[in-house]
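Input sequences plus hints: build the corresponding full structure.
The number in our numbering is simply the position in the sequence shown, starting from 1, with 24 added.
Since the hints were made in silico from the structure, they are not lab data.
The structure displayed is predicted, hence computed values, not measured ones.
It cannot be assumed that every hint is accurate.
Just the calculated beta-carbon pair ranges, DEER-fashion [said to hold, decoys possible]:
#, residue 1, residue 2, range
1, 99, 210, 28 to 38 Å
2, 212, 292, 22 to 32 Å
3, 434, 26, 26 to 36 Å
4, 397, 427, 36 to 46 Å
5, 424, 215, 25 to 35 Å
6, 426, 309, 47 to 57 Å
7, 26, 352, 24 to 34 Å
8, 25, 217, 18 to 28 Å
9, 80, 339, 39 to 49 Å
10, 308, 434, 39 to 49 Å
In silico BS3-like cross-links for lysine-lysine, where the CA-CA straight-line distance does not exceed 25 Å [said to hold, decoys possible]:
#, residue 1, residue 2
11, 319, 292
12, 196, 178
13, 248, 187
14, 319, 248
15, 196, 292
16, 178, 248
Beta carbons are placed, not taken as given, at the ideal position from N, Cα and C, and that holds for glycine.
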Amino acid sequence: MDAGISALRERAGLSITRSADFEAGVADTDALTSGGAIVFDDLAVAVVDAPPDQVRSLSVAASEDNGILAIEPERVVYAIYDRAIESSPPMSGAPAYGQPLAPAPRNLPAQTMPFDYLRGYRDAVNHVVDQVLGTGGVAMATDGAAVAVGAEDKLTWGLQATKVSESRYTGKGIRVAVLDTGFDLDHPDFLGRTVVSRSFVPGEAVQDGHGHGTHCIGTACGPKQGGQLPRYGIAYEAEIYVGKVLSNRGSGTDSSILAGIQWAIANKCAVISMSLGAPTQVGQAFSLVYEAVAKRALAAGTLIVAAAGNESERPGTINPVSHPANCPSIMAVAAVDVALRVAWFSCGGLSVQGGQVDIAGPGVAVRSSWPRPQLYNTISGTSMATPHVAGIAALLAEQNPDVRGGSLGWLLLQSARRLELSSQDVGAGLVQAP
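Take a look at the structure:
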């Protein structure tokens with residue numbers, strides 16, 4: 025790493041700030057100035073703010089093997105959930121939705137698409153509801169097997185389908201980091217819980233002004249008994265680490281996300297949940313930077329799970345897994361509905377190298393916590409599937425105290441319920457609690 029830092033300083037003339045110089049070794053992204061670089065020591069990654077001539081000097085240095093593995097432009101990523109399925113209005117004064125990642129089908133007039141789409145979605149949901157009611161609260165999965173999903177009077181359908189209701193594990197002693205839009209720190213369902221938080225978004229506090237982060241934290245680590253039924257949380261005794269890496273508008277940059285990852289690793293979190301991403305194209309290579317970071321996380325005993333993305337428009341269009349979930353060392357999570365069918369928006373593993381779907385979780389009509397005054401909301405997306413996997417990973421980590429990193433990911437895959445669906449769509453199958 026020293027050779028790379030020397031190249032930044034001597035070849036490109038950049039002023040260097042190192043995360044090791046900050047308290048607890050966690051960099052403050054506000055410290056990045058023009059003509060400078062922040063080096064995340066534990067990740068061996070630097071974020072650079074430089075004019076074109078300095079960037080060209082870096083490119084030359086990289087081509088000469090001066091300790092620089094790769095140079096990539098900084099991306100903007102977004103909270104991944106589907107805006108058309110939100111069941112309740114957003115908070116007063118907050119943006120209605122994050123960046124939509126599922127554009128209207130190109131073969132339909134834009135002005136007619138929302139109504140046609142919503143009718144089709146309504147019909148599909150009504151069919152599932154009729155099916156469940158007609159079988160006494162038991163849906164039929166695509167493999168013909170009964171899905172033990174009853175009414176959501178006590179437990180959400182996702183907790184039922186993933187066997188969380190049958191698990192004796194609670195996530196006690198396990199640290200789970202959720203890197204997202206923050207958290208409603210005064211939500212009544214989380215009073216008395218261990219919550220450690222930090223914002224990596226310049227100028228914004230941890231408090232969630234969007235809702236997406238609070239929803240994801242609720243699924244992964246929500247209470248056993250909240251203010252209202254049904255129960256929606258999985259690892260209800262886990263230690264919650266809130267890393268705000270997305271703004272109150274639902275977007276963020278690589279520098280914030282990398283800072284959040286380093287913070288989570290430094291705090292020895294067993295699991296990092298990232299319901300965020302940016303679209304990719306078929307054949308597009310995964311990020312070498314994020315892959316290197318994910319490998320370092322695994323080596324440190326931290327498993328990263330990330331949303332596969334919502335860019336598909338099934339059955340007609342299946343788009344590839346989003347960045348950064350398309351990295352081989354990050355667990356990519358697809359979404360299924362209550363009948364264990366692939367969610368229409370869920371991305372698929374289309375790339376030959378990397379970009380596979382690893383596992384699936386409940387991601388359609390998922391109820392969880394939401395910032396006050398609303399308190400609860402039901403939304404859909406691979407974002408909602410991801411914290412199901414993260415929460416269950418915490419249960420497995422509690423069950424197996426010596427199993428971390430890649431071995432913990434292997435346990436998730438080995439214990440998944442196999443589905444009669446393509447592994448391109450659902451990977452190993454539906455995540456299951458121990």
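A quick look at each hint next to the structure:
{"no.": "1", "hint": "99 with 210: 28 to 38 Å", "verdict": "holds (32 Å)"}
{"no.": "2", "hint": "212 with 292: 22 to 32 Å", "verdict": "holds (29 Å)"}
{"no.": "3", "hint": "434 with 26: 26 to 36 Å", "verdict": "holds (34 Å)"}
{"no.": "4", "hint": "397 with 427: 36 to 46 Å", "verdict": "holds (41 Å)"}
{"no.": "5", "hint": "424 with 215: 25 to 35 Å", "verdict": "holds (30 Å)"}
{"no.": "6", "hint": "426 with 309: 47 to 57 Å", "verdict": "violated (35 Å)"}
{"no.": "7", "hint": "26 with 352: 24 to 34 Å", "verdict": "holds (27 Å)"}
{"no.": "8", "hint": "25 with 217: 18 to 28 Å", "verdict": "violated (37 Å)"}
{"no.": "9", "hint": "80 with 339: 39 to 49 Å", "verdict": "holds (46 Å)"}
{"no.": "10", "hint": "308 with 434: 39 to 49 Å", "verdict": "violated (27 Å)"}
{"no.": "11", "hint": "319 with 292", "verdict": "holds (15 Å)"}
{"no.": "12", "hint": "196 with 178", "verdict": "holds (22 Å)"}
{"no.": "13", "hint": "248 with 187", "verdict": "holds (14 Å)"}
{"no.": "14", "hint": "319 with 248", "verdict": "violated (33 Å)"}
{"no.": "15", "hint": "196 with 292", "verdict": "holds (15 Å)"}
{"no.": "16", "hint": "178 with 248", "verdict": "holds (10 Å)"}
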